[in-house]
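Full structure from sequences and hints, please.
If you read the protein sequences in the order shown, they are chains A and B. If you want the numbering used here, it's the 1-based position in the first sequence plus 3. If you want the numbering used here, it's the 1-based position in the second sequence plus 402.
If you're looking for bench data, these hints aren't it; they were derived computationally from the structure. Watch out, some of these pointers could steer you wrong.
[To be verified] Quick list of the computed label-pair ranges, beta carbon to beta carbon:
1. Lys215/A <-> Lys485/B: 32 to 42 angstroms
2. Arg657/A <-> Asp483/B: 35 to 45 angstroms
3. Ala401/A <-> Asp544/B: 50 to 60 angstroms
4. Thr446/B <-> Arg557/A: 38 to 48 angstroms
5. Arg746/A <-> Gly447/B: 26 to 36 angstroms
6. Lys722/A <-> Lys471/B: 35 to 45 angstroms
[Claimed, not checked] Listed next, the stretches of chain B that the computed footprint assigns to chain A, with coverage defined by at least 3 CB atoms under 8 angstroms from CB atoms of chain A:
7. 450-462
8. 496-506
9. 556-565
By construction, the Cβ of each residue, glycine as well, lies at the ideal position given by its N, Cα and C atoms.
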Amino acid sequence: MIVKKGSFVIEGLENVQINIGKIGEGREETVEGPTPRPEIISLRNWDYRILDRYAPVYTPTSDLCDYCTYGKCDLTGNKEGACGIDLEGQSARQALMTSIMGSACHTAHGRHLLNYLIKKYGEDHPIDVGPSNLKAPLTETIMGIQPQTIGDFLPVLDYVEEQLTQLIASANTGQEGSARDFESKALHAGMLDLLGMEVADIIQISCLGLPKSDEKTPMAEIGMGILDPKKPVVICVGHNIAAPAYILDYMDRNGQFDKIEIAGLCCTAHDMTRYNKASKIIGSMSKELKYIRSGIPDVLVTDEQCVRADILKEAQKLHIPVIATNEKITYGLPDRSNDSVDAIIDDLVSGKQAGVLLLDFEKVGELVPKLALKIGPIRKAKGITALPDEEEFRKLVAKCTKCLQCTRDCPQSLPIADAMAAAVGGDLAPFEMLHDKCVGCGRCDYSCPVDIPVLNVIEKASQRVIREEKGKVRIGRGQIGDPEIREEGRNLVLGTTPGVLAFVGCGNYPDGTKDVYNVVEEMIQRSYIIISSGCAAMDIGMYKDKEGKTLYERYPGRFIKGNLLNTGSCVSNAHIAATTIKVASIFAGRKTKGNWEEIADYVLNRVGAVGIAWGAYSQKAFAIGTGCNRLGIPVVVGPHGTKYRRAFIGKPYRKGDWNVLDGRDGSVVNVEPAPEHLMITAETKDELMPLLAKLCFRPSDNSLGRAIKLTHYIELSEKYLKKMPDDWHVYVRSEADLPVAKREQLLKLLEEKGWKIDWEKKKITEGPLRKVDVSFQPTNVPRLCKEVKK
Amino acid sequence: MNTKPAGKTTGKHVEKPVERPVEKKVESAEKILDTTRQAVPFNTGNIPGPKMARPVMANVSGKMLAKAKRPLLIVGSEIKDEKVLAKVIAFGQKGIQIAAVGNAIAFLGNKGLDAHYANMHALASYLCDPEWKGLDGKGGYDLVVFFGITYYYASQAISALKNFSKIKVVSIDKYYHPNADMSFGNLKNNVFIEALDEVLAQLPKKDPLFKYGD
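Structure, rendered in structure tokens:
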């Protein structure tokens with residue numbers, strides 16, 4: 004008998020109705036760990052273990068609380084407010100809310116895609132992410148299930164949404180009051196974020212034909228200078244591929260790629276190139292206002308996330324119609340989803356309407372290219388741009404009074420007045436420098452007391468460098484396949500590959516995009532595995548070497564040392580975190596299903612992976628980082644990251660914080676601080692370099708691996724900070740841990756520190772914190788020890 | 403076509419340009435540099451709450467530093483300017499222990515100073531811990547002074563000290579730092595250098611036997 008969904012009544016039984024919901028297909032799920040579908044306190048003990056070692060450090064941006072009508076309350080000096088919450092608690096509550104916002108954003112993105120893709124392809128559409136048995140590592144580890152079809156993700160998102168509601172409730176005044184438990188909940192929200200992202204990316208990979216663990220994806224063009232401005236230009240802004248896919252399909256069917264330029268801004272751009280390699284990338288969110296003001300776009304298509312709140316106002320000024328395609332961003336635009344495409348185009352071309360909300364993707368696909376072909380020539384004939392002409396530019400720079408108000412409002416405190424002065428004398432070089440460092444926020448425009456449109460002036464002065472801004476990005480590959488993990492997992496856990504460095508996040512860099520390129524270039528040459536995603540992945544491809552090659556063209560994209568991988572858009576971050584789960588599962592045979600704590604414990608103690616969000620600005624980036632933290636992955640953010648108001652910083656001088664258990668017998672072992680921090684900032688690129696090397700140390704490193712890691716830590720410190728690190732010796736367990744080339748010199752230095760050296764055998768006889776033990780099974784979870792010693 | 407940004411009003415909140423602090427003459431006819439003018443957060447939006455730093459004269463901050471039992475000078479990535487670096491070295495030569503955050507340590511090597519690399523964020527965390535024994539393991543600090551750190555970074559980091567520690571924090575930076583207990587106002591470069599000289603002038607000459615905290 005075929006059982007179908009629905010309900011039926013069994014004759015003879017009164018008042019009995021049997022409802023058939025989701026039909027199982029005989030698949031038996033074996034939950035392997037203790038916490039499938041963890042509730043908001045199910046992993047609290049693990050969180051406490053993290054928080055005990057990596058105590059939250061609060062750096063409030065505001066000493067007030069104004070969440071409820073008791074307030075505003077002054078919490079300065081950690082005073083309590085009217086409801087009883089102190090500044091520590093309020094700061095932790097803000098960390099929770101930030102994490103929830105980010106998590107909700109990715110999950111809602113996933114929900115939007117899932118509903119749309121199920122409608123189009125059906126619940127039974129199979130998951131296909133490439134050559135992997137572990138297809139959805141985060142889903143397995145958190146939910147305890149192994150999804151086979153996209154419909155299997157329905158209960159996953161139901162779970163995430165339910166949990167997020169519980170978490171939001173806890174932030175209401177009169178609910179949670181403990182900073183420590185707010186942080187546990189923030190970690191929970193971060194974990195949910197990873198799950199929401201995984202769902203979003205797996206379903207779009209499976210349904211839309213995006214690359215599936217493909218290490219050799221083609222290159223996409225990137226930069227503000229790549230488009231031919233003489234053609235009609237369509238720019239899609241945001242993160243959700245659903246609507247842009249229809250535009251690309253329509254253009255493909257009608258052979259329009261040589262007639263219309265189409266590109267994306269922010270992560271939509273990644274997914275557009277993953278969907279159709281004819282698409283191009285303008286750049287990160289930092290380029291959004293700059294590119295709109297250039298007047299080059301003829302049509303702007305928005306979806307969701309990282310879309311400027313003023314995009315309609317800016318576009319309207321330049322007669323660029325805006326097509327909003329997602330319910331989350333509607334700008335007060337009229338919903339024209341039920342109108343004919345031609346009628347909408349007429350209203351947009353005539354200027355009767357500045358933009359429309361259009362939720363029918365078929366219509367979006369047809370309308371946007373048609374609109375671009377119609378309005379493009381009109382706009383180009385008028386030469387519409389916000390940028391001043393030469394004469395206006397000269398007058399504007401001469402108006403500057405050097406009051407420095409723009410510098411004081413600038414997130415980067417850029418020396419704009421100096422550039423204005425240089426431009427008066429005809430020197431545009433300082434402005435060209437500013438163009439790269441400017442994050443394109445436009446705050447300077449508001450601040451100028453003599454009405455100089457500062458951003459426009461910067462962009463006008465930088466036209467030469469903008470025209471040359473042409474790079475290459477390897478199109479997002481999706482997951483890391485199981486075969487790659489099998490090949491590389493051992494090297495990672497033993498430390499012979501010095502580490503995995505994941506460059507993720509946004510473009511709010513402290514000193515321009517070039518820093519990211521420079522850091523990646525240095526670390527890739529040192530044989531670290533570099534994985535990237537999102538805006539960071541874009542910026543890595545913006546610069547070229549002397550031979551005109553970008554890093555993506557110079558280094559291959561396999562998950563092995565010295566390679567450079569781009570997983571894709573913001574939601575592809577999930578695959579980076581999931582890689583560590585794959586290492587635990589495939590290399591070490593750890594069970595995954597419903598087994599978060601054990602997996603995270605393994606990652607914390609054995610997998611030398613570090614996340615770097617050098618230009619993180621959004622709540623999403625914070626949630627991703629917090630999720631990684633719960634999985635045992637340390638994260639470094641740029642100096643702006645202090646404005647996230649919370650970090651997880653270890654105290655190496657508190658020896659007791661660094662006790663771990665030996666899984667073989669439960670004995671307590673005092674280990675080196677590895678990793679020393681879970682979330683921390685650095686002030687400059689030079690400081691970041693050795694910090695990254697240091698955060699790759701793990702207690703499980705074998706001697707060869709430790710020596711390799713130590714080599715990089717010492718060399719990077721000497722190169723960028725001009726000195727040996729103060730704590731290098733802490734990571735030495737025996738002479739075998741010392742880099743061979745420097746062994747003698749380092750032994751002498753150890754002797755000066757009071758260590759005992761047997762110079763005949765060139766052995767350390769006294770000094771290290773502990774000895775190397777190749778069988779050591781470091782763990783922070785007592786239940787994972789075979790025998791627990793008291 | 404030159405357009406102002408959409409929907410943006412103009413000249414609504416014109417603030418006076420940063421003024422050069424003036425020298426005040428006091429009764430003793432001794433010239434004292436006034437570093438208390440323009441005591442408004444350098445980044446316009448950096449207003450933390452009702453408690454903001456008291457503006458402080460350079461000579462007063464110098465006297466506080468001289469009286470401290472165990473002071474710490476924190477400097478950051480913005481000390482590479484030759485004149486500023488010279489002042490950092492001068493402070494070090496007076497026996498003040500230096501925490502070099504960011505990449506500042508790269509400019510301070512081999513100069514015989516008691517200078518230590520530190521991560522600013524971690525340092526803020528340690529300074530809030532009464533059990534921390536300092537960069538040299540010899541004990542905590544009773545006064546922190548700082549300059550030459552990326553403005554917003556320093557401001558955020560010291561907000562931890564302001565709210566979660568008892569340590570006095572005095573900014574002798576060229577910018578007004580609201581999260582310090584006391585701070586110079588926003589200063590022009592040349593006045594900033596003069597102000598640092600005035601702070602230095604209050605410090606005792608380094609006696610080989612003298613150590614802060616003795």
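Checking C-beta pairs, does the stretch 556-565 of chain B have three or more residues closer than 8 angstroms to chain A?
holds (count 6)
Satisfaction of the hinted span 38 to 48 angstroms by the C-beta atoms belonging to Thr446/B and Arg557/A
43 angstroms, holds
Tell me if the beta carbons of Ala401/A and Asp544/B are separated by a distance inside 50 to 60 angstroms.
52 angstroms, holds
Are three or more residues of the stretch 450-462 of chain B within 8 angstroms, CB to CB, of chain A?
With 4 residues in contact (Cβ-Cβ under 8 angstroms with chain A), the coverage given for the stretch 450-462 of chain B holds.
Between Lys215/A and Lys485/B, does the beta-carbon spacing fit 32 to 42 angstroms?
58 angstroms, violated
For Lys722/A and Lys471/B, compare the CB-CB distance with the range 35 to 45 angstroms and indicate the outcome.
37 angstroms, holds
Please check whether Arg746/A and Gly447/B have a Cβ separation lying inside 26 to 36 angstroms.
This hint is violated: roughly 53 angstroms between Cβ atoms.
Range hint compliance [Cβ, Arg657/A to Asp483/B, 35 to 45 angstroms]:
37 angstroms, holds
How does the stretch 496-506 of chain B fare against chain A when you require at least three residues with a CB closer than 8 angstroms, holds or violated?
With 3 residues close enough to chain A, the hint holds.
Consistency with the previously given hints fails for numbers 1 and 5, ordered from lowest to highest.
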